[in-house]
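Q: Next come the chains, spelled out residue by residue.
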Amino acid sequence: MTDRRAEKDEPWKDPAAQPYIAIENVTKRFGEFVAVNSVSLKIYKGEIFCLLGGSGCGKTTLLRMLAGFEKPTAGKILIDGQDMADIPPYERPVNMMFQSYALFPHMSVYDNVAFGLEQEKLPRTQIKQRVGEILGIVHMGDYAKRKPHQLSGGQRQRVALARALVKRPKLLLLDEPLGALDRKLREHTQFELINIQEQLGVTFVVVTHDQEEAMTLASRIGVMNRGEIAQIGTPRQIYEFPATRFVADFIGSVNLFDGQLVEDEPDHVRVRCADLPAPVYVDHGLSAPPNAQLWVAIRPEKITLERAQPGATDNWARGVIKEIAYMGDMSIYMIRLDSGRQVRVTQANIVRKAGEAFSWEDQVYLAWDASSPVVGTG
Amino acid sequence: MSLPRRSIFVPTVLAFGFAFLYVPILSMMFFSLNNSSLVTVWDGPNSPTLKWYVKLLNNRPILDAAWLSIKIAAVNATGAAVLGTLVGLVLARFGRFRGRTLLSAITTAPLVMPEVITGLSMLLLFVALEQWIGWPSGRGVTTITIAHITFSMSYVSVIVQSRLASFDESLEEAAMDLGARPPRVFRSITLPLIFPAILSGWLLSFTLSWDDLVISQFVAGPGSTTLPMVIFSKVRLGVSPDVNALATIMVLIVATGVVVSAVVMQRQERRRQREVQMALASGE
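As they're listed, the protein sequences go chains A and B.
Offset between the first sequence (1-based) and our numbering: plus 157.
Offset between the second sequence (1-based) and our numbering: plus 60.
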């Protein structure tokens, strides 16, 4: 989905490309509390950039600084090369879609959407035409006369989107855009958002705590932790090559082991983990001092279960199945290793009959490819 | 606590409660139709009669006092609504600033201050002001109005503040984000949304001023006798039946106001619910 976009254009790889938004060493303190700590970011035109993190990580504060509701304590924010320091929210080329949608309860859908255009003092006929156009794009044309409280959650979300887009902003900020929708509606809306973004060519900055949302929407993700950016990358980079232990643990589910570097060659490393009977062999080099303490992350879906002991000397473990959760398309196994450590493994349910399937208390061997584990020091 | 379904206890308590509240008022209304000029003696053969009402309508001082009270109450309510709304806005929306706690304390103080104290300190203030700057010259309608605004605005500010606290600040941010400057945000978003609170603050201030006696006594001067002051001075000379008639009219006016506003609100609520149901029925 997002790979298609990434292949098409990756402006962040081009050193000559001009970023549309440049956040330079921005810090925001509320009294003693540091909400955002020296964050630097470059976001390019036409991107959907997701700020992902748990609650209180500073992502919303960063978004509010882009909108102009908060002033940075230190640092600079440039939008299209212009310093935003002294520009109030009502003069920024930026619109925001609020988490609560913030639709004006005393105005109809039409008046809500027209509000922004009325501030520009456009002629009535032009306002009418543009409101009609944008309501058509979000499929809300038939509801123009309704009041917000007469709409369902999904409809309100679309009105909020229309209201934020009708001024044709160059940058749209979205605060947890899908948070209030139920699962079916979310999936549908995610793709609709991407379509609208491509259709109008707006740059999106999305704040979310939901990694699934970030994965499907984003061209790039910035993972935030305690006011700092932990990693910036495409969804695939973030998932497959987490830069720090925090990112590995935060994105998706993962089995994390602590280990010690025992062999460090340009083309591979070997790590010995106390919880695993065999060393972990990884098929790429690492720049770390000898005997460094490392973390090793292995994704549950990259582990295979076998009944016989694997022939290789590296990359295996033995355990007993303690829990099985059948999810339909796949099953989740909780396996207790000989060391007592619990490990999570997911297997696609490729065969339909249950004959060969693993069962509770079965002894199994776990194996994985040399390309699967991620190791790091941070 | 669980009571048997058909317990006689609850209805009895209810009946006594209501009797305690309303029997005095009903008996007052009843006696306003009495023909006798002795308040407690029912003159059966010649009653009911409207003669006290007729007498009341020919009583110039009472009518003047009533008209004066209405004027003071209206000016007071309007002034209190404006000032109280400003204070409520500042306290609810301007974040932390120096002197915020002080402002909040001094606006809520009149709510808990004994009226005698408020009245006395107001009087001292007006006397001192007159000596220093010659204004207000003497005590009268102006001083009563100022004194009433002082304590009414606390009520308005509390009501407005609680309304502002319950409404989503992001509405104002959204308006600003869409290009509206702060004055426009206030006019198109904040004001319409807190208007019901301001209105109820206005009504409350009106009634507070309408029946205030203690503070008015302190700051009134010659020629500024309000209705409660007239009634009080009449009662001191012995209750005459035309006070019953006057009180009945006041009760009827207030009751009508309460009933009308209740009906209007109920209708709005019903319409709103109907609309919500319609929306749900035609939803996705």
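For the record, the hints were derived by calculation from the structure and aren't laboratory data.
Just to be clear, a hint being listed does not mean it is correct.
Derived list of chain B stretches under chain A, where covered just means 3 residues or more per stretch with a C-beta under 8 Å from a C-beta of chain A [said to hold, decoys possible]:
(1) 175-183
(2) 263-274
Now the in silico label distances, taken between C-beta atoms and shown as ranges [claimed, not checked]:
(3) A:Gly310 to B:Arg153: 22 to 30 Å
(4) B:Pro174 to A:Phe190: 22 to 30 Å
(5) A:Gly336 to B:Ile68: 53 to 61 Å
(6) B:Arg153 to A:Lys278: 25 to 33 Å
(7) A:Ser257 to B:Arg332: 35 to 43 Å
(8) B:Phe69 to A:Phe187: 23 to 31 Å
(9) A:Lys228 to B:Leu251: 21 to 29 Å
(10) A:Gly358 to B:Ala322: 35 to 43 Å
(11) A:Glu344 to B:Leu251: 50 to 58 Å
(12) A:Asp171 to B:Arg244: 50 to 58 Å
(13) B:Leu162 to A:Gly211: 24 to 32 Å
(14) B:Leu74 to A:Gly310: 39 to 47 Å
Given the structure is predicted, the values throughout are model-derived calculations rather than measurements.
All C-beta atoms, glycine included, are put in the ideal place defined by N, C-alpha and C.
Q: Against this structure, judge whether each hint is valid.
A: Against the structure, the hints:
For a cut-off of 8 Å, the count of residues in the region 175-183 of chain B with a CB near a CB of chain A stands at 0, and the three-residue condition is violated. Coverage of a stretch by a chain is defined here by at least three residues with a beta carbon nearer than 8 Å to that chain's beta carbons; for the region 263-274 of chain B and chain A the count is 0, and the condition is violated. Roughly 28 Å separates the CB atoms of Gly310 of chain A and Arg153 of chain B, a value that falls within the hinted 22 to 30 Å. Taken as a hint, the range 22 to 30 Å is violated for the pair Pro174 of chain B and Phe190 of chain A, whose Cβ atoms sit roughly 43 Å apart.
At roughly 54 Å, the beta-carbon separation of Gly336 of chain A and Ile68 of chain B lies within the given 53 to 61 Å, and the hint holds. Between Arg153 of chain B and Lys278 of chain A, the C-beta spacing of about 27 Å keeps the proposed range 25 to 33 Å intact. For Ser257 of chain A and Arg332 of chain B, the Cβ-Cβ distance of about 20 Å falls outside the hinted range of 35 to 43 Å, so the restraint is violated. Checking the proposed 23 to 31 Å range against Phe69 of chain B and Phe187 of chain A shows it is violated: the Cβ atoms sit about 56 Å from each other.
Take Lys228 of chain A and Leu251 of chain B: their Cβ atoms lie about 27 Å apart, and the range 21 to 29 Å holds. The hinted window of 35 to 43 Å between Gly358 of chain A and Ala322 of chain B is violated, with their beta carbons roughly 55 Å apart. One distance hint, 50 to 58 Å for the beta-carbon pair Glu344 of chain A and Leu251 of chain B, is violated here, with the actual separation near 40 Å. Take Asp171 of chain A and Arg244 of chain B: their Cβ atoms lie about 42 Å apart, and the range 50 to 58 Å is violated.
Distance hint for Leu162 of chain B and Gly211 of chain A: a CB-CB separation of about 39 Å, inconsistent with the stated range 24 to 32 Å. Taking the beta carbon of each, Leu74 of chain B and Gly310 of chain A are about 43 Å apart, inside 39 to 47 Å as hinted.
Comparing the model with each earlier hint shows violations of hints 1, 2, 4, 7, 8, 10, 11, 12 and 13; every other hint is respected.
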